[in-house]
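Protein chains: 2
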Amino acid sequence: MITISLDAMGGDFGPTVAIPGAARALERHPDIRFAIYGIEAECLPILNKYPALKAKSDFHPAEVAISMEEKPSQALRRGRYKSSMWKAIEAVKLKEADVAVSAGNTGALMAMALFCLRTMANIERPALAGIWPTLKGESIVLDVGATIGADAQQLVDFALMGGAMARALFELKRPTVGLLNVGTEEVKGQEEVKEAGRILRESNFESIQYLGFVEGDDLGKGTVDVVVSEGFTGNIALKAAEGTARQLATYLRMAMSRTLLAKIGYLFAKSAFDMLRDKMDPRKVNGAVFLGLNGIVIKSHGGTDAEGFAAAVEVGYDMARNKLNEKIEHDLKNFHSRRLPAKVDADDDGV
Amino acid sequence: MITISLDAMGGDFGPTVAIPGAARALERHPDIRFAIYGIEAECLPILNKYPALKAKSDFHPAEVAISMEEKPSQALRRGRYKSSMWKAIEAVKLKEADVAVSAGNTGALMAMALFCLRTMANIERPALAGIWPTLKGESIVLDVGATIGADAQQLVDFALMGGAMARALFELKRPTVGLLNVGTEEVKGQEEVKEAGRILRESNFESIQYLGFVEGDDLGKGTVDVVVSEGFTGNIALKAAEGTARQLATYLRMAMSRTLLAKIGYLFAKSAFDMLRDKMDPRKVNGAVFLGLNGIVIKSHGGTDAEGFAAAVEVGYDMARNKLNEKIEHDLKNFHSRRLPAKVDADDDGV
Chain Z
13 MITISLDAMG
23 GDFGPTVAIP
33 GAARALERHP
43 DIRFAIYGIE
53 AECLPILNKY
63 PALKAKSDFH
73 PAEVAISMEE
83 KPSQALRRGR
93 YKSSMWKAIE
103 AVKLKEADVA
113 VSAGNTGALM
123 AMALFCLRTM
133 ANIERPALAG
143 IWPTLKGESI
153 VLDVGATIGA
163 DAQQLVDFAL
173 MGGAMARALF
183 ELKRPTVGLL
193 NVGTEEVKGQ
203 EEVKEAGRIL
213 RESNFESIQY
223 LGFVEGDDLG
233 KGTVDVVVSE
243 GFTGNIALKA
253 AEGTARQLAT
263 YLRMAMSRTL
273 LAKIGYLFAK
283 SAFDMLRDKM
293 DPRKVNGAVF
303 LGLNGIVIKS
313 HGGTDAEGFA
323 AAVEVGYDMA
333 RNKLNEKIEH
343 DLKNFHSRRL
353 PAKVDADDDG
363 V
Chain S
13 MITISLDAMG
23 GDFGPTVAIP
33 GAARALERHP
43 DIRFAIYGIE
53 AECLPILNKY
63 PALKAKSDFH
73 PAEVAISMEE
83 KPSQALRRGR
93 YKSSMWKAIE
103 AVKLKEADVA
113 VSAGNTGALM
123 AMALFCLRTM
133 ANIERPALAG
143 IWPTLKGESI
153 VLDVGATIGA
163 DAQQLVDFAL
173 MGGAMARALF
183 ELKRPTVGLL
193 NVGTEEVKGQ
203 EEVKEAGRIL
213 RESNFESIQY
223 LGFVEGDDLG
233 KGTVDVVVSE
243 GFTGNIALKA
253 AEGTARQLAT
263 YLRMAMSRTL
273 LAKIGYLFAK
283 SAFDMLRDKM
293 DPRKVNGAVF
303 LGLNGIVIKS
313 HGGTDAEGFA
323 AAVEVGYDMA
333 RNKLNEKIEH
343 DLKNFHSRRL
353 PAKVDADDDG
363 V
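The listed protein sequences derive, respectively, from chains Z and S. If you count the first sequence from 1, position 293 lands on 305 in this note's numbering, and the numbers rise without skipping. If you count the second sequence from 1, position 110 lands on 122 in this note's numbering, and the numbers rise without skipping.
Mixed in with the good hints, there may be bad ones.
The list makes no distinction among identical chains, and a pair is therefore deemed to hold if it is satisfied within one copy or across any two copies.
[Claimed, not checked] Quick list of in silico lysine to any residue cross-link-like pairs, SDA-like style, CA-CA up to 20 angstroms:
#1 291 - 184
#2 291 - 258
#3 345 - 292
#4 296 - 272
#5 296 - 134
#6 148 - 210
#7 148 - 262
#8 233 - 315
#9 66 - 185
Hints listed in this document are in silico derivations from the structure and should not be mistaken for laboratory results.
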């Protein structure tokens, strides 16, 4: 049995999406139990419509709902200890849940998760790992925006954590890993990426297979299972790709509705377009994972619908079932025990 | 009359693409003259097939062709003074040409252009500005990979240079400018982006209208005319978007050839698909511009065909005709004269 704690108030649609989403995930995975946190008056009427979910859930009222616009510091001040977001995360800390899922705003979720769960030993900053659809299937990309900037040691931590996530999610033995870089050689800067490459090459980890540098266009190709980047570039690459996908979908819609012949062609090819829409469906890859904390927290897109939220719940389910954090701790311990002295001159005081 | 110097040996296909490409650009713009640099035995037989181009060109033999794999330092050692790439750039320095165009490798082209032309006064590093197709038309994005890392002052320089390019290329009076950033507020780091935002806001430049931060998905939306980023992130965003476009084109092809009905639908909607292909045609936005040098150098994609190369030539034509570098020098002088003292503590020694 996997217990998932839900922040029912997160996202653009709060419990109207989170509760039906949880119900869908439960249909597909009857071994889930839910601990649902939210404003009672808003949640219970919806929960009552899903008796199967209600039977497998404990509802815990919360006083505060964090809004999508709230700044992290403000969210912490207002919502610590008493918001649905905080309580869902705290359930993981108290071992009452295996994983927490929220569609709440990324900054607030990150701040609360960090404050409540703290980072694992030897991890200075968490990373947010996203699932990226590729021509070969799916890859994991991290960090897509949890923190900005990363030194070589942190990039290696990201590689190990992303590798553990790939083993848990894709059930691979030794996932391939690449470091995101620019192609031009001999350019000045990004010494931390080169240094991380050196460490990864020389360490020859058992849990991951390091394949070298990859470029922006390798993301969509699926060249490696895990792409490692610091959070600023990772976030911008993710959003640039999402933006391009939306842009092309708009062009396609425009083209197919422009002439009568195009509309007829669209009808003939409708099943093909449905397949294409399915391929491009962002809901199917919903659910990013905060890695490096003493507990698993899943971030769902704020604007997703019930099916998308169910996908995020299922990512959490897979992570918990495949014991993601035990894998990460095991891999990191192996790495950090080899080079403990290096930690003495850590040059960073965390977030 | 605009004189364009061509490195005929650059790119994956050398003179077999560059010379026919120049011929196409000439058909559309009869007021171009070309100075063509290349290996004589490879170029002349092709040039002889294009008598109109030949009549409007001077051919200058070069001894060395820079390969696509050559590292910048190696290219400089082997090709300085005597390669077609160097000579095409040198023609700009000697005022024999208004602009140089090459499909050669980015790193080598950048190194040679920098070495030969030097940066403008007060500019520490050049930027590579690309043209990005958007839902609203086109935007300029810089830096897409000339140099890695940029401080606040350099980002402001990029904003002014990109603004001058937008005025020259899109014939806008006061283009809008945004700084590429991540959405999450209060995250640590990227102080240089925040500081650049402050300078841009407070300076209220006549030549550009600063609209604030933009995110990765604003690139495809065309939220601003000019998007400013340091080169590492800009390069990865560009390639991530290109990769996504190729990925979706592949999905579309797969979908349309999967069933008989889809194939029939494709035939009906063929003109719509042709329009879509035209919209997505990377050749139409070929031609990135090195900004901040004492002369204009255009970088064409290495793998493009004659039509794509012609587009790069035409970008150079527009830049020269609209006096890009005079605009840049004018805008930069206004900026740097206001804050000369700040230059004393420049913390960077350039490339």
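How the hints compare with the structure:
For the homomeric pair residue 291 and residue 184, neither the shortest alpha-carbon distance inside one copy (22 angstroms) nor that between copies (39 angstroms) is at most 20 angstroms. Taking the shortest Cα distances, residue 291 and residue 258 sit within 20 angstroms of each other both inside one copy (13 angstroms) and across copies (14 angstroms). Within a single copy, residue 345 and residue 292 get their C-alpha atoms no closer than 38 angstroms, and across copies no closer than 48 angstroms, so neither meets the 20 angstroms cut-off. Within a single copy, residue 296 and residue 272 get their C-alpha atoms no closer than 32 angstroms, and across copies no closer than 27 angstroms, so neither meets the 20 angstroms cut-off.
In this assembly of identical chains, residue 296 and residue 134 lie within 20 angstroms of each other by CA distance neither inside one copy nor across copies; the values are 33 angstroms within and 49 angstroms between. In the homo-oligomer, the alpha carbons of residue 148 and residue 210 never lie at most 20 angstroms apart, since the shortest distance is 27 angstroms inside one protomer and 43 angstroms across protomers. When the C-alpha separation of residue 148 and residue 262 is checked against a cutoff of 20 angstroms, the pair qualifies only between copies, where the shortest distance is 12 angstroms, while the shortest distance within a copy is 24 angstroms. Taking the closest pair of Cα atoms, residue 233 and residue 315 come within 20 angstroms of each other only across two copies (18 angstroms); inside a single copy the shortest separation is 27 angstroms, beyond that limit.
Neither within a single protomer nor between protomers do residue 66 and residue 185 lie at most 20 angstroms apart by alpha-carbon distance, with minima of 37 angstroms and 61 angstroms respectively.
The structure fails hints 1, 3, 4, 5, 6 and 9 (numbered hints given earlier, in ascending order).
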